[in-house]
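Following the hints, position chains B and C against chain A.
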Amino acid sequence: MASRIVMSKLSPTMEEGRVLKWVKQEGDPVESGDVVVEVETDKATMEVEAMGSGVLRKILVQEDATVPTGTTLGVVAAEDEDISAILEESRAVAPATVQATASVQGPATMEPSAPVVPSAAPSPAGDGGRLKASPLAKRMADERGIRLEALRGTGPGGRIIKRDIEAAASAGVPAAAATAPVIDYDIPYERVELSQLRKAIARNLIQSLGPIPHFFLTREIDMGEVLKLRGELNESLAESGAKIGVNDIIVKTAAQALSEHPDVNVSFAGDHIRRFTRVDVGIAVAVRDGLITPVLRDAASKGLRQISAESRELIARARNRKLAPEDYQGATFTISNLGMYGIDEFTAVINPPAATILAVGATQEKPVVVDGAVAIRPRMRVTLSCDHRAVDGAMGAEFLATFAEMLENPLRMVL
Amino acid sequence: MAVITYRDALNQALREEMRRDPDIFLMGEEVGAYQGAYKVSRGLLEEFGEWRVRDMPIAELGFTGLGVGAAMVGLRPIVEYMTWSFALLAIDGIVNSAAKMRYMSGSQFKMPITFRGPSGAANQLAATHSQALDSWYAHVPGLKVVAPATARDAKGLLKSAIRDDDPVVFLEGELLYGSKDDVPEDEDFTLPLGVSEIKRPGRDVTVVVHSRPLHSALAAADTLEREDGISVEVIDPRTLRPMDIDTVLDSVRKTNRCVIVEEGWPVCGIGAQIVDDIQREAFDYLDAPIARVTGADAPHPYAANLEQLHFPQADLIVKAIRQVCYRD
Amino acid sequence: MATKITQSDELLGLDRGALIEMLRWMVLGRRFEERAGEMYQVGEIGGFCHLYIGQEAVAVGALTPLRGDDYVITAYRDHVHGLVRGMDPGAIMAELFGRVDGSSKGKGGSMHLFDAATNFMGGHAIVGGHLPIAVGIGYAIRYRDTDQVCVCFLGDSVANIGAFNEALNMAALFRLPVIFIIENNQYGMGTAVHRAAAIENLADRACAYSGMQGWTIDGMEVLEVRRTVEMAVERARTHKLPSLIEAKTYRFVGHSMSDPNYGHYRTKEEVHQFKAHDDPIKGYIETLRAHGMIKESELSDIEAEVKKIVDDSVEFAKRSPVPQADDLYDDIYSGEYPDAKRRDPWR
Numbered sequence: 001m002a003s004r005i006v007m008s009k010l011s012p013t014m015e016e017g018r019v020l021k022w023v024k025q026e027g028d029p030v031e032s033g034d035v036v037v038e039v040e041t042d043k044a045t046m047e048v049e050a051m052g053s054g055v056l057r058k059i060l061v062q063e064d065a066t067v068p069t070g071t072t073l074g075v076v077a078a079e080d081e082d083i084s085a086i087l088e089e090s091r092a093v094a095p096a097t098v099q100a101t102a103s104v105q106g107p108a109t110m111e112p113s114a115p116v117v118p119s120a121a122p123s124p125a126g127d128g129g130r131l132k133a134s135p136l137a138k139r140m141a142d143e144r145g146i147r148l149e150a151l152r153g154t155g156p157g158g159r160i161i162k163r164d165i166e167a168a169a170s171a172g173v174p175a176a177a178a179t180a181p182v183i184d185y186d187i188p189y190e191r192v193e194l195s196q197l198r199k200a201i202a203r204n205l206i207q208s209l210g211p212i213p214h215f216f217l218t219r220e221i222d223m224g225e226v227l228k229l230r231g232e233l234n235e236s237l238a239e240s241g242a243k244i245g246v247n248d249i250i251v252k253t254a255a256q257a258l259s260e261h262p263d264v265n266v267s268f269a270g271d272h273i274r275r276f277t278r279v280d281v282g283i284a285v286a287v288r289d290g291l292i293t294p295v296l297r298d299a300a301s302k303g304l305r306q307i308s309a310e311s312r313e314l315i316a317r318a319r320n321r322k323l324a325p326e327d328y329q330g331a332t333f334t335i336s337n338l339g340m341y342g343i344d345e346f347t348a349v350i351n352p353p354a355a356t357i358l359a360v361g362a363t364q365e366k367p368v369v370v371d372g373a374v375a376i377r378p379r380m381r382v383t384l385s386c387d388h389r390a391v392d393g394a395m396g397a398e399f400l401a402t403f404a405e406m407l408e409n410p411l412r413m414v415l
Numbered sequence: 001m002a003v004i005t006y007r008d009a010l011n012q013a014l015r016e017e018m019r020r021d022p023d024i025f026l027m028g029e030e031v032g033a034y035q036g037a038y039k040v041s042r043g044l045l046e047e048f049g050e051w052r053v054r055d056m057p058i059a060e061l062g063f064t065g066l067g068v069g070a071a072m073v074g075l076r077p078i079v080e081y082m083t084w085s086f087a088l089l090a091i092d093g094i095v096n097s098a099a100k101m102r103y104m105s106g107s108q109f110k111m112p113i114t115f116r117g118p119s120g121a122a123n124q125l126a127a128t129h130s131q132a133l134d135s136w137y138a139h140v141p142g143l144k145v146v147a148p149a150t151a152r153d154a155k156g157l158l159k160s161a162i163r164d165d166d167p168v169v170f171l172e173g174e175l176l177y178g179s180k181d182d183v184p185e186d187e188d189f190t191l192p193l194g195v196s197e198i199k200r201p202g203r204d205v206t207v208v209v210h211s212r213p214l215h216s217a218l219a220a221a222d223t224l225e226r227e228d229g230i231s232v233e234v235i236d237p238r239t240l241r242p243m244d245i246d247t248v249l250d251s252v253r254k255t256n257r258c259v260i261v262e263e264g265w266p267v268c269g270i271g272a273q274i275v276d277d278i279q280r281e282a283f284d285y286l287d288a289p290i291a292r293v294t295g296a297d298a299p300h301p302y303a304a305n306l307e308q309l310h311f312p313q314a315d316l317i318v319k320a321i322r323q324v325c326y327r328d
Numbered sequence: 001m002a003t004k005i006t007q008s009d010e011l012l013g014l015d016r017g018a019l020i021e022m023l024r025w026m027v028l029g030r031r032f033e034e035r036a037g038e039m040y041q042v043g044e045i046g047g048f049c050h051l052y053i054g055q056e057a058v059a060v061g062a063l064t065p066l067r068g069d070d071y072v073i074t075a076y077r078d079h080v081h082g083l084v085r086g087m088d089p090g091a092i093m094a095e096l097f098g099r100v101d102g103s104s105k106g107k108g109g110s111m112h113l114f115d116a117a118t119n120f121m122g123g124h125a126i127v128g129g130h131l132p133i134a135v136g137i138g139y140a141i142r143y144r145d146t147d148q149v150c151v152c153f154l155g156d157s158v159a160n161i162g163a164f165n166e167a168l169n170m171a172a173l174f175r176l177p178v179i180f181i182i183e184n185n186q187y188g189m190g191t192a193v194h195r196a197a198a199i200e201n202l203a204d205r206a207c208a209y210s211g212m213q214g215w216t217i218d219g220m221e222v223l224e225v226r227r228t229v230e231m232a233v234e235r236a237r238t239h240k241l242p243s244l245i246e247a248k249t250y251r252f253v254g255h256s257m258s259d260p261n262y263g264h265y266r267t268k269e270e271v272h273q274f275k276a277h278d279d280p281i282k283g284y285i286e287t288l289r290a291h292g293m294i295k296e297s298e299l300s301d302i303e304a305e306v307k308k309i310v311d312d313s314v315e316f317a318k319r320s321p322v323p324q325a326d327d328l329y330d331d332i333y334s335g336e337y338p339d340a341k342r343r344d345p346w347r
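Chains as they are written, first to last, in the numbering used here: chain A, 1 to 415; chain B, 1 to 328; chain C, 1 to 347.
Source of the hints: derived by calculation from the structure; they are not laboratory data. If you're wondering where the values come from, they're calculated on a predicted model, not measured in any experiment. Glycine included, each C-beta is placed from N, C-alpha and C at the ideal position. Check before you lean on any hint, since a few could be wrong.
Computed beta-carbon distance windows for the label pairs [to be verified]:
{"hint": "1", "chain 1": "B", "residue 1": "Ile198", "chain 2": "C", "residue 2": "Val100", "range": "41 to 49 Å"}
{"hint": "2", "chain 1": "C", "residue 1": "Ala196", "chain 2": "B", "residue 2": "Asp276", "range": "42 to 50 Å"}
{"hint": "3", "chain 1": "B", "residue 1": "Asp276", "chain 2": "C", "residue 2": "Arg144", "range": "39 to 47 Å"}
So here's chain A without its partners, still in its complex pose:
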């Protein structure tokens, strides 16, 4: 019984994937459950297992090629089985958009500029690859920053209609990629293909600073007490081998402060605001070719030790590209820390569906006035970016005040 190896849809936002490596080669025996090929999705590297046993008879998509989800990558079948029908069918539906992602040297001058669009992929809503959506659905998707290609239409013939957009809006489907035209300057350049992750970042963030009206609140916080606390905690934990980082304390403090300011733990959803009843903190992690924000669920109810352990594990998996979609989607708040790069302060772009993100700078020794005298204190500057549709200045400032007060008086957290 022949079986296909398929570019599966591994996350709700995934529309195409790239073949990284064929673990098995044509002619290799394959058992059901064997890893046959590794593919790169928009957020992670996944191993694709065989659904049947036999021999990897045919590889249809070569390494480094990007194909739409649903594309047959290869065929596993018995050695003497006739697979011509499957091959025929695969060829018939083989999308014309298969492209290599190898880096290409661009000429100094190019043909007339073309808009940069993500390679077209047949939508589940389309017949023959054409996306069908009602005019209203298109407008709503545009206003809410929802990518139609990511949706499955429930109207006749798969037409995406109003109710599909409403459902998607509640589920937090991300938005379309940047499609602004590229202006060609007469400057030599090297063309670097977008990784799936880079495409996802572009798609996700274009709907941020564009449609989301940002404002920023900056505050400097004295970190002396936190550093002291961390030292004491790590001393007491020394035997267990566990280690609490400053970032863990920041995560815990932010979660605690958010639970005291639920109006900041929100998402703007078009015709309503969602005030989340759980604090899920996203932690921005720099990886090889981008960044990803694994989510620490229900951070407010977890102790520092647990937070520390979980975030360590999440960060490790993020760096190894082993995060599942549920690990990195749907933070209610995000912390981005560039302190380790010596950044004093910066502003971060909101990561939807959250309405806020906290940009954390480096903790540095600074002269400050304490009790009427100049003292040298470890100071950290943080900037909160807020979606003004959902969060107002005073609300954000009050949250930051609580956050700062907790860091400066860590014992308050215990209360």
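Just chains B and C now, with coordinates in the frame of chain A:
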């Protein structure tokens, strides 16, 4: 207010207007001695005399032109056709003369004339007597076209049509003459031309319908409310030219879906024009293709069962609404 | 039975001034039409343009006895009827040119001249379409109980259309003061009358309508036309009775500008015969001369005066601007017409 028939509402309108303005006169086949083929002009000959209530020979082209000439020199004729199907013999007078006199004379002559009579099917009158040619007249710049569905609208709109300085084609529903409604008795009661009325407010789907099928649409709306929980907004444009499309557009922007119902044939029908207006001005608000329920695209049959099949009946409207609501 | 009137040898008791005035109108009609033809050939006038040359005695004989408050309506060969009715020649020429100072602001053209000020109720271009309108005007006269009359000119081909019967029947039935004047110029476009009508004298059809008098007359004799119309007007004004006059005439030019003066349907000899021996203007001048009613100098004075009027009309038309784009949607309804622009965003 009094509950009276559509027929009597028209009679009231004629009588009140003729009493108000001595330049108004009524003419047509059987309007006088016979008291009107459908008794709309009952009693008018007795009150106003033969110069103001004039029985005409069966000569539609001739008496239509007579009305046009009288209007050119300042009278306000009301031309009654026994049915609009007979007015086919007079279409040169309506389309070539009445509709264009103002334009061709550079506004030297106005054309305060009302052409009225029963339109659409009756009971088993077959192909030549059962036509709803609304769109023929609505096609013509220079004409105004009115098609009331209720006694109240019939009275208020006929009075406005008679007072209007432009030629008005006034399409009465042959099967509506006996229908009853609350009608203001006030002589000053008029309804403006070119204003739609929301006959039933709703949230989920807009139905645009004029003349007799209004009542089928309202019945369909009841059914859908009860059986499907679909809230139907029913709009009667009442004036087909110039049509108050803004009321329709506002509704469609709210409901995102639309069904258009008419008794006439589908090709180049009134609904086709409304579809155009909606797609042009509310394209981004549509969540489903607009559906149309029309008379069958066939001549009107005699056999009673076939005739019923020809109409845009309530059950067809229900199906269309379910389809645009993605409920089928 | 229709009454046949023979050659008029009297001057109807008209004084010299009135007689010369009629000549003046005929000459104006002739010269205006000649100039209109010329303007058509140089491209100033477009569309259909039907000239009246050869038929002047009918319009002049019929219109000069009318009162200013009477009504006149005609078909599409209407320039001279408008002129004689008193329309401004400049407004007519500007209308032919398609200019804003035309009688219908350039929207009607040659076939649709109107002038409310002189009760000139139009040139109407659908054959037969205006007969019922004339009846309606007659109906309004009776309705208001005044002693006006309505004169309705029609071509010979109209006698065969249904509206002819419908209109004449109603005029007789309701006793309306309408005078129908058939200008029988021998051809309905290119179809000879005897090839279209199953009757020799079209006015004989009057016998089908009680109270309607019919006359078939020589339409090349302006005085005969006038005398007959005076009788018909008297019947209409006093007795509210309609009449049907058939004036036999001839057009010296083609049906319209696209039709040569002679061709397949009529011979060059026939046209020349009429022009040489039956020109209504030449004939009338002979009559006036025979009665010593005109001096030769007056003839040249008339020509000079008429030439100036026609020259001025052309100058006026040339100076008048063409209509503006916005005028396209004016004059359609009594009020605003916003829908038009709404459905026409690009024009």
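Hint check results:
Remark: the range hint 41 to 49 Å for Ile198 of chain B to Val100 of chain C is upheld by a beta-carbon distance near 43 Å. Judged by the Cβ atoms, the range 42 to 50 Å given for Ala196 of chain C and Asp276 of chain B holds: they are separated by roughly 44 Å. For the pair Asp276 of chain B and Arg144 of chain C, the beta carbons lie near 45 Å from each other, so the given range of 39 to 47 Å is met.
Checked against the numbered hints listed earlier, the structure breaks none of them; every hint is satisfied.
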